[in-house]
Every structure is written in C-alpha cells, then in structure tokens.
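Protein chains in written order, with the UniProt record's numbering: chain A, 1 to 262; chain B, 1 to 386.
By construction, these hints were calculated from the structure, which means they are not laboratory data. Just so you know, even glycine gets a beta-carbon here, dropped at the ideal spot from N, CA and C. The reader is advised that the hints may include incorrect statements.
[As the list claims (entries may be wrong)] Just some of the chain A residues that point at chain B, by a computed CB distance under 8 Å:
{"#": "1", "residue": "E79"}
{"#": "2", "residue": "T83"}
{"#": "3", "residue": "A86"}
{"#": "4", "residue": "T200"}
{"#": "5", "residue": "L201"}
{"#": "6", "residue": "M205"}
{"#": "7", "residue": "K208"}
{"#": "8", "residue": "K209"}
{"#": "9", "residue": "A241"}
{"#": "10", "residue": "G242"}
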Amino acid sequence: MGVLGPKMAFRVLVGCKRVIDYAVKVRVKPDKTGVVTDGVKHSLNPFDEIAIEEAVRLKEKKIATEIVAVSCGPPKCQEVLRTALAMGADRGIHIEVPDEEYASLQPIHVSKILAKLAAQEEASMIIVGKQAIDDDCNQTAQMTAAFLDWPQATFASKIEKTNGDLLVTREVDGGLETIKVKLPAVLSTDLRLNEPRYATLPNIMKAKKKKIDKKKPADLGVDITQHVEVLKVEEPPVRQAGVIIENAEQLVSKLREAGHIQ
Amino acid sequence: MASFISSVKSFRPVLLKLFSLKFGNVHHTRTISALVQLSETHEMLRKTCRDFAQNELKPIAAQIDRDHQYPKEQVRKMGELGLLAIDVPEEDGGTGLDYLAYAIAMEEISRGCASAGVIMSVMNSLYLGPIKKHANPAQKEQFLRPFVGGERVGCFALSEPGNGSDAGAASTMAKDNPDHWLLNGSKAWITNGYEAEGVVLFATTDKALKHKGISAFLVPKPMAGLSVGKKEDKLGIRASSTTTLTFEDCKLPKENILGERGMGFKIAMETLDAGRIGIASQALGIAQASLDCAVDYAGTRQAFGAPIAKLQAIQMTLANMAVALESARLLTWRAASLKDAGKKFTKEAAMAKLAASKAATLLFCSLHLLCHSLIELALIRPSLNV
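Build the full structure now, drawing on both the sequences and the hints.
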C-alpha cells in the first residue's frame, strides 16, 4: 500500500460498555427493580474487548490509523476506557450520563450518540460487540448503521480489507456467510473473531498518558429521555427436578397425561 | 454461602473506616487507604496477572510441578507482559511501577502457579534488585537489559552448604589477583540455578573483616570454572530449579564487582528485605488458591442433606482462613507501601513474610481438614499446585 502523498486517515470508533463481570453470580435486588451492582465487580463487555482487539490488529496491519474508544455512562465508565487504552486504543471519549439516566439508557440512545460521534470524528469504521452481556440486546450496531445509512456487517468472525471494501465473514444460523461491505461501515464482533491480548504492564503505564475527552449527549444533540420503563426484574424460575423414564412407551404416556399430545 | 462471601467482603469497608478514623489526614504519596482501595493502574495490572495466571499457568501447574519442568514459554510471556522487571525504570527496559504493584502481581501469578511465582520473585527482587541499585552503566548493559524481557533469567547466590541464615560466614572466596578475581567455593539452594544466565554472587574478599569483608559480583553463565549441580528433588515448587553452583578457580574480570568492595553483606541484606515482600506475596497467592478451593468445595460437597458450608465447624474454618489471609495481605501491602514511600521497611517485610507463610500453611492444612478424606484431596489435587 505504498502510496505517495499524505496517508488517508482511517479512524475506527469502538464502542465499550462497562458491564457486570461475566464470572460474577448476579443477584436480583430485594425490591425487584434491577440487579445488585453496588460493590460488584464490573469489567469491559467481552465482545467489546474483542472489538478493541480487532481495531488494534487493524492498526498493526497499517489499515487503521487511529482508534478511538467510546463509552457512555457515569464516571466509572472511564475504567473500561483505560482498559481499551491499555490494549492499544489511541484516545477515549467518555459520554457523561449520570446514574439515574444511565439506568434507562437504551441501545437506541447509544446508537444515536455513536452516529453523531462518527460524523464529528470523521470515522471510517465503527466496531462494537455484537451484544452486551447484561442486556443481550444485540441492537446497537444495527441501529447505528441505520442512523448513518452505512452498511453493516454483524456477528463478524473474520474481517479483511480489500481496496476500498471490507470482506467480512459472519456467523449466521446456517453457518458462515461472507459479504463485501463498502466503507465506511458498522461492524459487530462475534466470539470467534479473535482472542484479546493481555494489557501488558508497560501499556497500562502508557495508557495513563493517553487522553480521555468528556462530552454530554446534549453536546451531540442527542435526547436520552427515557422511553422504556422496567416494571419488574426477577430470577428465572428454579429448575424443577426431572423424571427418569424407562422407555419410549412411558414417555408417550406421560406426555399424554400432561396433555401435550393427543 | 453467598451471605458468607459477602460477610468476608465486608471486612474491607470496616477496615477503611477504622483507618480513616485513626489516621485522618496523611500527606505522603500514598496513604493507608491505598491498602484498601487500589488505584486504577493497580486494578488493571491485577486483572492482567489474574487472567494470565488463570489461562496460562493454572492449567499446566500440576504437570510442570510433577515433572520438574521449567516453564520457559510462560516465563517468556511473563517477560513480555513486563512482569519480570516491575520496578525497573522504563529507560532501562523495565515497567517503571512500584513495589505494591509487584506484590499484587506476585500474588496473582502465584495463585496460578507457585513455581512461576518464585521465578518471578527471584528475577524482580533478588537478581534485578541489586543490579538496578548498584550496577554501573556497562554492567547494566550486560546484566540488566538482556534480562528484562523474559528471554533470560538470573539468580542470587548467597547461601552455601554451610550457611543460610548466617550469611556473614560466606566461605566462597574471591582472591584479588592483578587482572582478575579468582573465585573458589560452593553455593547451595540457588533458585533458577539451572536456567540462569547471570549470577549475583556473594564472596569473601577479606576474611579478617568478617561480614564487612564480603563483596558482590556479577558472573555470566556459562563461565569457565563454574559448574551447576543437579536439580534438588524438592517436595514442591518443583518447576523452578534449585541447584548448587560450584566455583573452581573461576576467573572473573575485575570490572565485574558489584558496588564497592566490602559492601556485599549490606547489598545482600537490603536485597533480601525486598525479596521478603515478593515471597510473602507468593505465599498469599498459594493461600488464596487454597481458600478458593475450600470455598468451592464447601459449597458443593453435600453431607446431611445440605452443602457442608451450612455447618458451623466448616464456617469457622473458612472464617479463620479468610482472616489469616487478609491480615497477611495487609501486612504485605503495608511493607510494600513503606518501601515505595522510601521508608525503612525491614521489620514490616519480615512480619509480612512470617504472617503470609503461616497463613499459607494454615490455609492448606485447613483445606485438607475440610476435605477430610484422601480421596477428596486426590480429586481436587489438580486445582492446587501440589
């Protein structure tokens, strides 16, 4: 790719969400309004970690020129931005959303924010995890692409660049699907895309010097008014013991008894 | 079970309250509160080390221990992560962090594999420690720089067959010849002895001056006149080699003396002070691994119609384990914080090592008691580094 003249900027925006750590045993609050988050270990959403890793690899391949990590939420979100910076992102943007409003922040709000940021930062690519492990929404990438009218390549398990396009292999129900997607585009990562690197200690030290800019949703002209109300959060029903069945005849008679078959 | 875990976690806010009441406003670089709420950097470092230990060390720990196998690949990766030269300045190729970071990192690594922990401790405290402090630029070029990245390890040769605690009676001699030092003698119990490519050696240069007549030297390995004994058949931590080093008319260049002549004992003692923090942290890691195992077992093993964690005797055992571990951890972090603040920490480091070693022993024995059956112990053996 040795071209004379100024290098084209290829800025990658990476969405990073601070979620309850995957290893934590989640408990529902006694008042059933949500789950216990106080004092509970949080970390970077694993799929977003994969997104950061992919962006860093693109930079190492000299495809991307700058990686900007973005996180929306209360001040604690800066933790995940620091993790992203320690993995190799160049700078971070913290979209400040106070605790009360954060409780009702939805993917639609986040996608509007990412869309506005992408325009402001002149991003060539947005990459996010396919879903967050707390809400499992799987909506942000798709909505962001729609707001920007950009192509989308979701559940990516392989990303290659060919001239001005991206060749993305997607994990779909039927197997693998490879699509060609014009840039700029929105991508979402699936588990098998890569294995994120450990943040080395020298990089953790370097991350301390990298910049994190703060913005408010209003600065981007995004309205984050709540429009989904959580009525109740409760644990899934306790799994009942099963019944050991001797043979097929017994199975059929039990099903008939329970009215599942005629 | 969950309520027990949360009651253990409630120790932290209680301690924070106690300390803030007692100490009020403190103006040095790090206050006591740092012991209870780690900085972001330290948390990130802890995560890296924990993930590495969980993914790369824990799965192989039992096998490498059994087979006396040096974890060369893992040591190299640890070097790449910056774990072998944590407090070496960045301009010398190190990570440029502090001793609290080192203590945290040591604990997390040892939690996965105690052998990897001791290799890391010898590198950071015993080998790079004195070199970082006393070596001249030429010596750093030869003995420090090539050793920070994980490709090579070094060792610390103070103990002898005839003296361990009595370090002032070094019988290894360094004769002051016109154009070289002539080394003769034997060193024993040297960790990393087999794999090391650099040795921080302590030998007597002036016998009459007793401990003030000991000097420190830097010896490259392999070296003519230096031979390595067999790996000791230890009861544990077997993936790390422990050997004798024998010097027979070994000729060492004059410029390989580390620090001033006669300063050897002082260098050794101050190095060991720092080393105690590392080894205390290794014990914490072992203790924590035991506690993890015990809590897991107590919550799973059923007796009398419920997990044994419901039984008061088991709860008391777990509570005692947790308190011993947390106390030792705070002592260790305090010693590390004192060192980082540039204050004297000899006594505190010794207290930390004593408390942590006792905690590790208590926890492992408690774990055994909890399981109370050799069959059970055999089943959970792979998850311990035993």
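Now for the hints, and whether the structure bears them out:
With a cut of 8 Å, the hint placing A/E79 at the interface with chain B holds, because the nearest CB-to-CB distance is about 6 Å. Annotation: A/T83 was flagged as interfacial toward chain B, and the flag holds, the nearest CB pair being 6 Å apart, inside 8 Å. Taking 8 Å as the C-beta contact cut-off toward chain B, the hint placing A/A86 at the interface holds, the least distance being around 6 Å. Because the beta carbon of A/T200 sits about 5 Å from the nearest beta carbon in chain B, less than 8 Å, this interface hint is met.
About 3 Å separates the beta-carbon of A/L201 from the nearest beta-carbon of chain B, less than 8 Å, and the hint is met. Hint on A/M205 holds. Least Cβ distance to chain B is approximately 6 Å, under the 8 Å limit. The criterion of a C-beta within 8 Å of any C-beta in chain B is met by A/K208, whose closest approach is roughly 7 Å, and the hint holds. The interface hint given for A/K209 is violated, since its Cβ lies 12 Å from the closest Cβ of chain B, which is over the 8 Å cut-off.
The interface hint given for A/A241 is violated, since its Cβ lies 15 Å from the closest Cβ of chain B, which is over the 8 Å cut-off. The interface hint given for A/G242 is broken, as the beta carbon of that residue sits about 19 Å from the closest beta carbon of chain B, more than 8 Å.
This entry does not satisfy hints 8, 9, 10, going by the numbered hints stated previously.
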